[in-house]
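Put chain P on the given structure of chain B with help from the hints.
Chain by chain, the residues run as shown.
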Amino acid sequence: MADLATTGPTSQAAPARLDPYRLRGDFPILSTANRFGKPLVYLDSAATSLKPLAVIEAVDGYNREYSANIHRGIYEMAERATGAYEETRVKIARLINAPDPHEIVFVRNATEAINLVAYSWGRRNIGRGDTIVLTEMEHHANLVPWQLVVQEMDGDLEFVPITDDGILRLEVYEVLLHLRPKLIAFTHVSNMLGTVNPVREMTEMAHAAGALVLIDGAQAVPHMPVDVREIGADFYVFSGHKMLGPTGSGALWARRELLEAMPPFMAGGDMIREVHLRRSEWNEVPYKFEAGTPDIAAEIGMGAAADYLMNLGMEAVRVHEQDLARYALDVLPREVPGIELYGPAAELRGGVVSFNLPGIHPHDVAQILDRSGICVRAGHHCTMPLHERFDLAATARASFNVYTVPEEIDALAVGLREVTRIFDR
Amino acid sequence: MDDLYRDYILEHYRHPHNFGVLDAPTASYEGSNPLCGDRITMMLGISDGIVREVAFTGRGCAISQASASLLTDEIKGKTVEEVEGMTPDDLLELIGIEISPARLKCALLSLDTVAHALADEAAEKAEPDGSASAPSSTSA
Numbered sequence: 121m122a123d124l125a126t127t128g129p130t131s132q133a134a135p136a137r138l139d140p141y142r143l144r145g146d147f148p149i150l151s152t153a154n155r156f157g158k159p160l161v162y163l164d165s166a167a168t169s170l171k172p173l174a175v176i177e178a179v180d181g182y183n184r185e186y187s188a189n190i191h192r193g194i195y196e197m198a199e200r201a202t203g204a205y206e207e208t209r210v211k212i213a214r215l216i217n218a219p220d221p222h223e224i225v226f227v228r229n230a231t232e233a234i235n236l237v238a239y240s241w242g243r244r245n246i247g248r249g250d251t252i253v254l255t256e257m258e259h260h261a262n263l264v265p266w267q268l269v270v271q272e273m274d275g276d277l278e279f280v281p282i283t284d285d286g287i288l289r290l291e292v293y294e295v296l297l298h299l300r301p302k303l304i305a306f307t308h309v310s311n312m313l314g315t316v317n318p319v320r321e322m323t324e325m326a327h328a329a330g331a332l333v334l335i336d337g338a339q340a341v342p343h344m345p346v347d348v349r350e351i352g353a354d355f356y357v358f359s360g361h362k363m364l365g366p367t368g369s370g371a372l373w374a375r376r377e378l379l380e381a382m383p384p385f386m387a388g389g390d391m392i393r394e395v396h397l398r399r400s401e402w403n404e405v406p407y408k409f410e411a412g413t414p415d416i417a418a419e420i421g422m423g424a425a426a427d428y429l430m431n432l433g434m435e436a437v438r439v440h441e442q443d444l445a446r447y448a449l450d451v452l453p454r455e456v457p458g459i460e461l462y463g464p465a466a467e468l469r470g471g472v473v474s475f476n477l478p479g480i481h482p483h484d485v486a487q488i489l490d491r492s493g494i495c496v497r498a499g500h501h502c503t504m505p506l507h508e509r510f511d512l513a514a515t516a517r518a519s520f521n522v523y524t525v526p527e528e529i530d531a532l533a534v535g536l537r538e539v540t541r542i543f544d545r
Numbered sequence: 147m148d149d150l151y152r153d154y155i156l157e158h159y160r161h162p163h164n165f166g167v168l169d170a171p172t173a174s175y176e177g178s179n180p181l182c183g184d185r186i187t188m189m190l191g192i193s194d195g196i197v198r199e200v201a202f203t204g205r206g207c208a209i210s211q212a213s214a215s216l217l218t219d220e221i222k223g224k225t226v227e228e229v230e231g232m233t234p235d236d237l238l239e240l241i242g243i244e245i246s247p248a249r250l251k252c253a254l255l256s257l258d259t260v261a262h263a264l265a266d267e268a269a270e271k272a273e274p275d276g277s278a279s280a281p282s283s284t285s286a
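Chains as they are written, first to last, in this note's numbering: chain B, 121 to 545; chain P, 147 to 286.
Chain B with its partners taken away, still in its complex shape (with noise of 0.2 Å):
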């Protein structure tokens, strides 16, 4: 456990299988340690990813060398930082496979993409007595926008069920479609449970009701490969925080006529074409939707990072989270006693292992791990009606990424029953 980036198993892989320890050296903070000397066990990239030097880099390139403002100056700097910031959308398209880098609007993140939607889209195409359907495993971020969306307009909310296993049921989602909804708003990939949804013959049946589709994907596009074409949605909102990418960047990908459609968001500079005293013109998408300077590094520094996961392979990436995933269903229910785990089998899952112990508040449990320098998420994740659905005040978080290793998780089944013994005694 000593030297996480430098030692492991050498490994002969295939071209597509990715190598998180090599891949590990690329991370400055996994050679940090915590206050008392224990190597960083970083098992929380469900709440945010660490940052590779690629994206570190990115991001101080553009302060140090050419922080000036896009869209505006003419001179060099100014068309060389437009330059970079238009070419992330480019990458964005690419990383998610959009027809056209235009139907990308920069957000801070999914939270902000999905609220945008909300409040331009929801207000001006939900009215009385319309129907939104929802899943039970949403963040909250993809449940509370809605909920202010159908009490402002008199619309309603259903929600698709899950089972205890933590799969949508589909045949429930099937009967929700005979309300005739307007929109279909739920998760690729859920944060807690880990499940993930079957995103395609979920949009193409909410088409085949006349419904639009919005996708979460925060917790998708980091760790597989996405096709919004493929899927065929309307809408895909996800973060660049958790893809490697700096805080405050994040996408929105819609179809274009959707978003030609939509009214502004917030209004400001940038986001028209012209501006008179008393009316003004929208500017094309995705700026009409871009008011003000948006965080020119962070968006940069995502652009970074999807070159990052592009050349890893999304491909390479799935099957190593998956493998994780499936180590982590192994190994702790054999190695901890007691530990309770939510979430369906590896096979439908992401790389996110929610559990508990017997007895012990999951706070407990994260603030003894933290003492032997592993990080994991304790309380309810932003999903309380999903612990609420499993008569759960809170759960612990395990959650992978590309640059987790099989050890990590030996370590967290090692400090969990620390965490046992100090109970127990």
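Rather than coming from a laboratory, the hints here were simulated on the basis of the structure.
Small disclaimer: the values here were computed from a predicted structure and weren't measured.
Here a beta-carbon is modelled for each residue, glycine too, at the ideal position from N, C-alpha and C.
Misleading hints may appear alongside valid ones.
Here are the in silico distance ranges between beta carbons for each label pair [said to hold, decoys possible]:
| no. | chain 1 | residue 1 | chain 2 | residue 2 | range |
| --- | --- | --- | --- | --- | --- |
| 1 | P | 180 | B | 276 | 22 to 28 Å |
| 2 | B | 398 | P | 233 | 39 to 45 Å |
| 3 | P | 152 | B | 537 | 17 to 23 Å |
| 4 | B | 388 | P | 165 | 54 to 60 Å |
| 5 | P | 157 | B | 457 | 19 to 25 Å |
This is chain P only, laid out in the frame that chain B set:
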């Protein structure tokens, strides 16, 4: 190894003092930390301005429950004024372990809940048409 999870803290967590309900509390309040799911109901039996009886129920982390156990021991027999005068630092000293910023809410939930219970009781007494039974001299 662990400053936070000393034996006496865990002992209070496993076997909390004053855990249960009062038949006829004169003040009670349910406090919670929605972020972690800690929940405590404090019940006080006050007469002549003195906390004669105290009990609590709840569930949550070791810190929140041990804190409630220690606090209820401490305030039993004290005057309302003394209890109202207790500061977060007083409670942290009573708990006697170093609490990290992220866990302060867990540690202080018990005192916060007691303060709410006392404030509610005081507000009830102050209501002119309320069933005020205590002499006006007790109002702070």
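We went through each hint and held it up to the structure:
1. The given range of 22 to 28 Å is respected by residue 180 of chain P and residue 276 of chain B, whose C-beta atoms sit roughly 26 Å from each other.
2. Taking the beta carbon of each, residue 398 of chain B and residue 233 of chain P are about 57 Å apart, not inside 39 to 45 Å as hinted.
3. Checked against the given bound of 17 to 23 Å, the beta carbons of residue 152 of chain P and residue 537 of chain B, roughly 20 Å apart, stay inside it.
4. A C-beta distance of roughly 56 Å is found between residue 388 of chain B and residue 165 of chain P, which places it inside the suggested range of 54 to 60 Å.
5. Between residue 157 of chain P and residue 457 of chain B the beta carbons are some 23 Å apart, a value that agrees with the proposed interval 19 to 25 Å.
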